[in-house]
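Colleague: Using the sequences and the accompanying hints, generate a full structural model.
Here the protein sequences line up with chains A and B, keeping their order.
With the numbering used here applied, the first sequence covers 1 to 336.
With the numbering used here applied, the second sequence covers 1 to 336.
Some hints could be false.
Going by beta-carbon spacing under 10 Å, a handful of chain A positions derived as facing chain B [as the list claims (entries may be wrong)]:
id: 1; residue: 14
id: 2; residue: 95
id: 3; residue: 225
id: 4; residue: 329
No farther apart than 30 Å at their CA atoms in a straight line, the calculated lysine-lysine pairs in the DSSO-like style are these [claimed, not checked]:
id: 5; chain 1: A; residue 1: 27; chain 2: B; residue 2: 161
id: 6; chain 1: B; residue 1: 102; chain 2: B; residue 2: 60
id: 7; chain 1: A; residue 1: 87; chain 2: B; residue 2: 22
id: 8; chain 1: B; residue 1: 102; chain 2: A; residue 2: 60
id: 9; chain 1: B; residue 1: 134; chain 2: A; residue 2: 187
id: 10; chain 1: B; residue 1: 60; chain 2: A; residue 2: 60
id: 11; chain 1: B; residue 1: 134; chain 2: B; residue 2: 104
id: 12; chain 1: A; residue 1: 102; chain 2: A; residue 2: 5
id: 13; chain 1: A; residue 1: 161; chain 2: B; residue 2: 27
Since the hints were made in silico from the structure, they are not lab data.
Nothing here was measured: the structure is a model prediction, and the numbers come from that model.
Note that CB positions come from ideal geometry on N, CA and C, so glycine has one too.
Listed below, chain by chain, are the residues.
2 protein chains.
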Amino acid sequence: MGVEKLLLAHGGGGEETLSLIKDFILKYFTNPILEPLEDAALLTNQISRLAFTIDGFTVKPIFFKGGNIGKLAVTGTVNDLVVMGAKPLYLTVGFIIEEGFKIKDLEKILQSMQEEAIKNEIYIVAGDTKIVPKSEVDGIFITTSGIGEVIYSGISCKNLKPGDVILVSGPIGDHGACILAEREGIKVDIELESDCETLWPVLKPLFESGIEIHAMRDPTRGGLAANLHEWAYSSQVNLVVEEEKIPVRPQVKAFCEALGFEPYHLACEGRVVIALPEKDAEKALEILRSHPSAAEANIIGQVLDHSSSPQVYLKTLYGTHRVLENTSGELFPRIC
Amino acid sequence: MGVEKLLLAHGGGGEETLSLIKDFILKYFTNPILEPLEDAALLTNQISRLAFTIDGFTVKPIFFKGGNIGKLAVTGTVNDLVVMGAKPLYLTVGFIIEEGFKIKDLEKILQSMQEEAIKNEIYIVAGDTKIVPKSEVDGIFITTSGIGEVIYSGISCKNLKPGDVILVSGPIGDHGACILAEREGIKVDIELESDCETLWPVLKPLFESGIEIHAMRDPTRGGLAANLHEWAYSSQVNLVVEEEKIPVRPQVKAFCEALGFEPYHLACEGRVVIALPEKDAEKALEILRSHPSAAEANIIGQVLDHSSSPQVYLKTLYGTHRVLENTSGELFPRIC
Chain A
1 MGVEKLLLAH GGGGEETLSL IKDFILKYFT NPILEPLEDA ALLTNQISRL
51 AFTIDGFTVK PIFFKGGNIG KLAVTGTVND LVVMGAKPLY LTVGFIIEEG
101 FKIKDLEKIL QSMQEEAIKN EIYIVAGDTK IVPKSEVDGI FITTSGIGEV
151 IYSGISCKNL KPGDVILVSG PIGDHGACIL AEREGIKVDI ELESDCETLW
201 PVLKPLFESG IEIHAMRDPT RGGLAANLHE WAYSSQVNLV VEEEKIPVRP
251 QVKAFCEALG FEPYHLACEG RVVIALPEKD AEKALEILRS HPSAAEANII
301 GQVLDHSSSP QVYLKTLYGT HRVLENTSGE LFPRIC
Chain B
1 MGVEKLLLAH GGGGEETLSL IKDFILKYFT NPILEPLEDA ALLTNQISRL
51 AFTIDGFTVK PIFFKGGNIG KLAVTGTVND LVVMGAKPLY LTVGFIIEEG
101 FKIKDLEKIL QSMQEEAIKN EIYIVAGDTK IVPKSEVDGI FITTSGIGEV
151 IYSGISCKNL KPGDVILVSG PIGDHGACIL AEREGIKVDI ELESDCETLW
201 PVLKPLFESG IEIHAMRDPT RGGLAANLHE WAYSSQVNLV VEEEKIPVRP
251 QVKAFCEALG FEPYHLACEG RVVIALPEKD AEKALEILRS HPSAAEANII
301 GQVLDHSSSP QVYLKTLYGT HRVLENTSGE LFPRIC
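Modeller: See below:
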């Protein structure tokens, strides 16, 4: 188009919108379902059990070590499908972008999205782009919605049972620490990097293994603590996790200590927390660890008894038990 | 929650997010699929032909005569499904909201969304809410994604045939004129009102009637002109529409004349443009007009010959033909 920045006209729905779609969007998101550019994508799969989700992404900075808002928008929605036992199939994407946004940056984002789509063997089948005056939006917001086919049924945050074992697939807090450090310009000696990654390759073998899974969640906003509190509340059970067993990278630990908060409240974007019967725990761990992205998977705790005022406990390094507080407050806006 | 305004903490993913969902979102969007609050909604319909779409809404003002951003976000996505021949089934919704947004206003929006959902017999099955600092977003943005079951196949913007007749279901430009007037504070003697409305009740009888439909579109951003240009380009045909036959309300006409532009470029949010074989045109018109929202439906033009440099013509009130320009430029940001 010979322009370097997005104009309000690119969102007008007329000539310029069509060029934006044809010259840039279709250049990256090329697939036979999107290309007809109709008002809705037409799918012909015979799907009997469908999972359907949506997630908005406002992360700032939009480019960060380990990913960018586009990669995050695909992996985030894919992961929400996967942790419900679904094979991701199709995504739709809505962009809200400030006037003057660099087209080169948009292209980097589109390319990342397509790379993730290919990695997950999914198509981005429909989209929408709005351009908003600079004073009314900061950078770019992306909302992705996804559908998938449920291949493993019964996963639910209401499904934790006393005696269940709790696993995590890798070190926690990487994404949250990375974003906070980059946004606030906090200099750390060791580099922090987001764990932003699709969970499909990690979890597919688990779904196919025949082991029993009770609950599964990717601890994004609110981190591990919010994840565990949601489970405790939904299943009306007490939970305990052990500090010593929860994998945290040294640089994340150092970052947290320096800033005076705990990694349990920091977002992950490529980790999964799983609750399953003890009998299947070792096998699950073995399957997880066989994938490079989950090599540090570990059993971190267990489900205690039923309770009408459920609580989450942390067994500290000193062997004492304390309540692990739910994440709260406004420390972490625009983390995802 | 005892608070009147949204806080950054409401988007943090922890305690306050859960209260926002439980105290407000679920109060309006109540249905058995959303209520489990899992990472993705689980659907059990056997759907063989699925339509899937997404749309972002940034309209300003967020409340306007005839609707608000919430009503628009449901009708807009529903209409994108319906014009592809699909019965709408489920919606997901992503909110991006500025810190300090009045909860009373959010409730009005949620209520409108639920009212439209009920009108369309659909469920809002999953959602996401991000709260962003005031300096980084203006008010509220809503992205809705929808799936539907295709009950009439073959509709496509590539499917216009020479000889086809073009119909519109009612007066054009109401939404665009209303939003522009309200936003710019333009005082007009006669009140302008958005046509924001679901097309499902209007079009369902048409799908069931056995008549042949070639193309169908709701002329939102870019208005009738962009709609016709997209069709001409996609089907490689010349089109002609007649000024005298295109319904435009007198107040919209007056508004356009006063501001020096044409109603063909103004968005509609409750109208549909249809191309179908001449043999079915009268029957289609009769079916459309039998619904109160399409009482002013009219045949406005026809498809001429095939062309490799397709054009859209307007037969003026004086009987002359001129080219109807595509919508372009940045006159209309945040119209939807």
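Colleague: State the violated hints by number, sorted upward, taking the hints as numbered earlier in the document.
Modeller: none
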